[in-house]
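Undergrad: Read off the chains here:
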Amino acid sequence: MKLRVLYFARLREHFGVAEETLDFAGATAADLVALLQARGGVWAEELAAGRAFRVAVNQDIVTLDAALPDHAEVAIFPPVTGG
Amino acid sequence: MKLRVLYFARLREHFGVAEETLDFAGATAADLVALLQARGGVWAEELAAGRAFRVAVNQDIVTLDAALPDHAEVAIFPPVTGG
Amino acid sequence: MKILVQTEAFDLGAEVDAMSRGRTDIGAIASFVGLARDLNEGSGVQAMTLEHYPGMTEKALAALVDEACSRWTLLDVTVIHRVGRLLPGDPIVLVVVASQHRGEAFAACEFIMDYLKTQAPFWKKEETAEGERWVEARSSDDAAAARWVKS
Amino acid sequence: MKILVQTEAFDLGAEVDAMSRGRTDIGAIASFVGLARDLNEGSGVQAMTLEHYPGMTEKALAALVDEACSRWTLLDVTVIHRVGRLLPGDPIVLVVVASQHRGEAFAACEFIMDYLKTQAPFWKKEETAEGERWVEARSSDDAAAARWVKS
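From first to last, the protein sequence lines stand for chains E, G, R and C. Taken in order, the first sequence gives residues 25 to 107; the numbers are from the working numbering. Taken in order, the second sequence gives residues 25 to 107; the numbers are from the working numbering. Taken in order, the third sequence gives residues 32 to 182; the numbers are from the working numbering. Taken in order, the fourth sequence gives residues 32 to 182; the numbers are from the working numbering.
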């Protein structure tokens, strides 16, 4: 399936990318995170187990076991700090 | 001693007086209330035991056992309803 | 700190601007405006008149602002209460509290309103189609104020 | 209901006036303004930039206003959150809640702010003398939001 993946704030800066389109063979948000971690470097570091980040699927925050529908808009970002 | 006694809101209207100066031989707020009750009519009715009213001495709300200093400003009024 | 009892309307935006202008240490401003409603206790209210006890009113409001300042770390407080005749929709009371953090600003603002409702000598008289009536104190206001009593 | 994400400043007085004008059923308007401070985590802040997630932001704010409306009887709600570069003293966020009674207006206003802090996709980056830094989420904000979880 195809996914549109967005990064925000510190992750966007560290990854050096705001948005990408991926071909994805996995099923869940955890599978996507594992795929990105496998890139190594800042990807492995920022998405390591125990690091605080959030995943939203089609603009709703989800847990890592959430299934990803085809053509989903997936966003990965640090805990929010607005207000 | 001399007291300046003020009435507000419903009590002012029912008593038909906003302010009076009294010669007072008692000691406490309860003594003053008893003196006023003894006038009978609306005074006995509004200040009867069990009716809700407040007494302030020199602009602080007090309980009925409070002593009244000479030349005190005593105010008697219904429970407040501002805001 | 600013405490006013007045017949004129107040301007929430101007009061908040005056409080924050030129300052960079305020993180949170909580404010409250109480307005005259056209309905109370189930019947229509055409107007109301607010009476107060001049002298004691200012003293009571200052005492409750002092109490709020002793309970929370506040940067500024404004309380304005109107008296005289007001129509439905008219603003009656304004409380503005500035603090570094929102929790303190919210708590102090609500505390001041709850105490004002039960401790400050204001009385409301409503004009209805059936005539005039003095508003009775609400037990819900006593309960709201009682929440703040330290155990 | 009015929810805006914008770079421009907002006008608290104008928002409250717009909410109450012509109405006689509102008894209470609680409002909150969050401002940029010149100090955070012990070091000086010269400016900050607010980033957000366009699309999700509006959706998240609408969801938390809906949740507030399901918990309390509210007459109107306005939420405005600024994005972009802001200086110390600049207002960042506005929440205004109108209700018949003050308890509901205060509770809903604080609820919306607490949830906004933990649920809406905004991120702050501060400029300090030592360089730029992303603001870390506060555990105190998680604790504030957790107060509202129904048991």
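Heads up, some of the hints might be wrong.
Here are the simulated lysine-lysine pairs, DSS-like style, with alpha carbons at most 25 Å apart [stated by the list, open to error]:
id, chain 1, residue 1, chain 2, residue 2
1, R, LYS90, R, LYS156
2, C, LYS181, C, LYS90
3, R, LYS90, G, LYS26
4, C, LYS90, E, LYS26
Honestly, the hints are just simulated from the structure, not real lab data.
Undergrad: Mind checking the alpha carbons of LYS90/R and LYS26/G for me, to see if they're no more than 25 Å apart?
TA: holds, 23 Å
Undergrad: Does LYS26/E lie within 25 Å of LYS90/C when you go C-alpha to C-alpha?
TA: holds, 23 Å
Undergrad: Assess, step by step, whether the Cα of LYS90/R is no farther than 25 Å from the Cα of LYS156/R, and give holds or violated.
TA: holds, 23 Å
Undergrad: Is the straight-line distance between the alpha-carbon of LYS181/C and that of LYS90/C 25 Å or less?
TA: holds, 22 Å
Hint check: no violations occur; every hint is consistent with the structure.
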